[in-house]
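Student: So the chains spell out like this:
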Amino acid sequence: MDDKAVATPPVAPVTAPSRRVARLQALLTSHDLGVLGVLLALVAFLSLRSDSFLSNQNLANVARNFSWLAVVALGQSMVMIVGGIDLSVGATLALAGLIAAHCMQIGLPVPLATLAGLGVGMAIGWVNGATVARIRLPAFIVTLATMSIVRGIAYGLTSGWTVTGMPEEFLALGQRSVGLGSCSVPLPFVLALAMALLVHLLLSETVLGRYIYALSRGERALRASGVNVVRLKELVYTLCGLLAAMGGLMMTARLGVAAPSAGLGNEVDVVAAVVIGGTSMFGGVGSTLGVLLGAALTQVLYNGLVLMGFSGHWQSVAIGAMILGAVLLDYWRRRR
Amino acid sequence: MEPLLKATGLCLNLGPLPAVRDVSLEIYPGQVVGLAGRSGAGKSALAMLLAGVHVPTQGQLHFAGRPVGWPFDARALGIEVIYQQPAIAENLSIAHNVFLGHEIGWPGRGKWLKVPDRARMEREAARILARLGMSVASLREPAAALSGEQRQLVAIARAMTRPARLIIVDDPMLLLSYPSQQRLLSLVQSWQREQTAVLFASGNVDHLLAVTDRILVLRDGQCVADLQTDGTGREEILAAMVGIADRQQLTPIMWALDSYYRAREQAEKLSQRQALLDRELDARAAAHWQVLDHMADQIDTLDTANAALQDAQRRLLAELEEERKQLAREIHDQVIQDLLAVSYELEEIGARDGTATSLQSELLGIRGSIRDLVDDLRHICRNLRPPTLDSLGLGPALESYTREWAEHSGIAVKLSLDARLKRLPESIELSIFRIVQEALNNVRKHAAATVVEITLQHTSPRTLMLSIADNGCGLGQEFDLAALPTQGHYGLLGISERVALLGGRFKVQNHAPGGTLLQVEIPHPRIEAPGDQG
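Chains as they are written, first to last, in the working numbering: chain A, 1 to 336; chain B, 1 to 534.
Incorrect hints may appear among the rest.
To be verified - With a cut-off of at most 16 Å between alpha-carbon atoms, the simulated EDC-like pairs for lysine to aspartate or glutamate come out as follows:
hint: 1; chain 1: B; residue 1: K6; chain 2: B; residue 2: E26
hint: 2; chain 1: B; residue 1: K507; chain 2: B; residue 2: E438
hint: 3; chain 1: B; residue 1: K414; chain 2: B; residue 2: E429
hint: 4; chain 1: B; residue 1: K111; chain 2: A; residue 2: E205
hint: 5; chain 1: B; residue 1: K114; chain 2: A; residue 2: E205
hint: 6; chain 1: B; residue 1: K414; chain 2: B; residue 2: E399
I should point out that these hints are in silico values taken from the structure, not numbers from a laboratory.
Chain A with its partners taken away, still in its complex shape:
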């Protein structure tokens, strides 16, 4: 005989350890654990099957590539949490790098050139956000258009040529390593983690973060409560542009070359990292840790495919399949 009466458990007073456990649970969702498991399995597989995977050279390479992808994905995840999408991140990344490199070429000091690059990213983001929020056009179409426009500007400004000749102190941003104890960690990796921490604090600890999570299923409530929803959306897209530009600068500094074709098609990688990281395509769900794990998994997968000797053509098949799998998982979870 089963119990027919289902008693509601009494509300236990929240003690300090249980609150800590709750925090930990909030930080590490079951999805994050799943992605972490797949990532560890992939790493274990690659370490066994390839001699070069665990070499310092390769790991540093993966970490550098991970860095710019993670930084751009952080911005994308915020946009997706408010129920939008930004397809222009790849183009923004390229243009920001170009502008910064160009400024340096004409002799502007590095901090100023960096700010110029970041400013370009923010401007593009703001245009995206304002169009989506004020005119209420679908984010997909708006950012598809800005992607084309921004990429076109990048080609037009350079006639398709690359820009080089950046000073050492800028290149250090992408190429230097910092010593942490006995191991040396690439600087961009540290920067990416710092950005992730900032974004995490913003999303989880501030009122703004709460609004970002609330927007997709509570726009009317936010409006009725006196929250300026238009400005909120503009801010989120602007932050996304800023982070995309930051990723572009890191990539430019890493390569030492700013190319108008930089980050071509990288929207897909970014969306893959975000979606694999557990951010819902329908908005309202997503975590910073998930984005980091998603970016790491994407990059390790790329690296693994190269190490296993697959041609580059097959990489997009793998990434596309992973996006589809993650989106299906998200869809299935929402239906339950």
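Following the hints, complete the assembly by docking chain B onto the known chain A.
Tutor: Just chain B now, with coordinates in the frame of chain A:
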């Protein structure tokens, strides 16, 4: 006194249709202004204009002496709005929904970069919601799980987080239950006491009469009446709402509205009572389930005991039969043989020379008695254990038994046996035999019959039907099988018990031509059907 809110010449088009046409109004601090009107009269449109949501095509607005331009953030001016449909952020906790837009946190003046103080918000939200009569398990749960009424209560609570200068209440009653409606009405009165101005739009004239100071009546987007609540009545308001001055035409409308309100109130009360009843029924159903479970347990126990009893009885019967068999054999093999030996000896003694003739005749008499005794003993043996039953089977045993019984009792017996009758398991053959014995015993003792018909037929390859009918006096009017043992009669009961042990059915009744009919149906292992020689 300066009006808190002063609107002049407000016009609003929703789509191609004018929703508000040239409405002007003033609201003073601590005044409750009602907006009456049928649905579609423009109450909501006007309320939303004053809440800064809709932008008018014409008109000016002054709030607290200063001009206000559309669209504006009502809450920034100190205007709280309770909407018809509550606006809830599904992903946020209940507590955060209550404080949405005015979170408590650090730093106090920071807007978006404020870090909310969740514990304090939960405490405060619990306090406000308790005032509204709403209790939830946890205020940390996302608001997505709330019911319609709970959502509206959260939205009302949101308007109570800070002291407001004007509260616009846009007919939120639809989602509220009767007690919550009453609570909201008393809240409006308490706001009034705290010198908060209230604009209360409602389709319910009684609600308006209960709490307002002034009532504006809207019809087709126009303000058609501005009435002091104390100096007016329902009739006047309704007349303005529907635009009929004639009392005679108004009366049926009033009656209809009256009964509508009363019906709604009754429905509310009924649904309340039903909820209470449901709760009570649930509790009772749970108790009933417990009793049923208990009873099922007891029945299980009884079943087990019953099965054990039947088993014991079966064993008892088997032992009894076995003992009878032993006894019959002993009498037959020992006593009868001894008696026959004695008889031979007596014969020998009588045949000796020199035996007196008197003694010879006496011996002859004794030998005759011994033969009678042997006959009696043989009869007893047959009753104890018919030897034909073991050797020849049920049919011959019944034939010989009934023949003998008919001779003894002088009652004619017609025995008809199924041609297909073959050997059956010992227990079944014996039981049927005993049943016939017992039944015939009853016939001789009670029935006063002259003819008994016994039929043994297969009704299916797996069942045997035994029916014994007599033409005697039949059963009494108040025949009760269960009462027989108390009167010292165990025969029929014995039959019914034997049948039950074999898993069969037993029926005794008066039958049409007069007399008693006893029918027994007994299942047995499958016999071959006629013609089925496989």
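Student: Evaluate each hint against the coordinates.
Tutor: Checked hints:
no. : hint             : result
1   : K6/B to E26/B    : 4 Å, holds
2   : K507/B to E438/B : 15 Å, holds
3   : K414/B to E429/B : 19 Å, violated
4   : K111/B to E205/A : 13 Å, holds
5   : K114/B to E205/A : 8 Å, holds
6   : K414/B to E399/B : 10 Å, holds
Comparing the model with each numbered hint stated earlier shows that hint 3 is the single one that does not hold.
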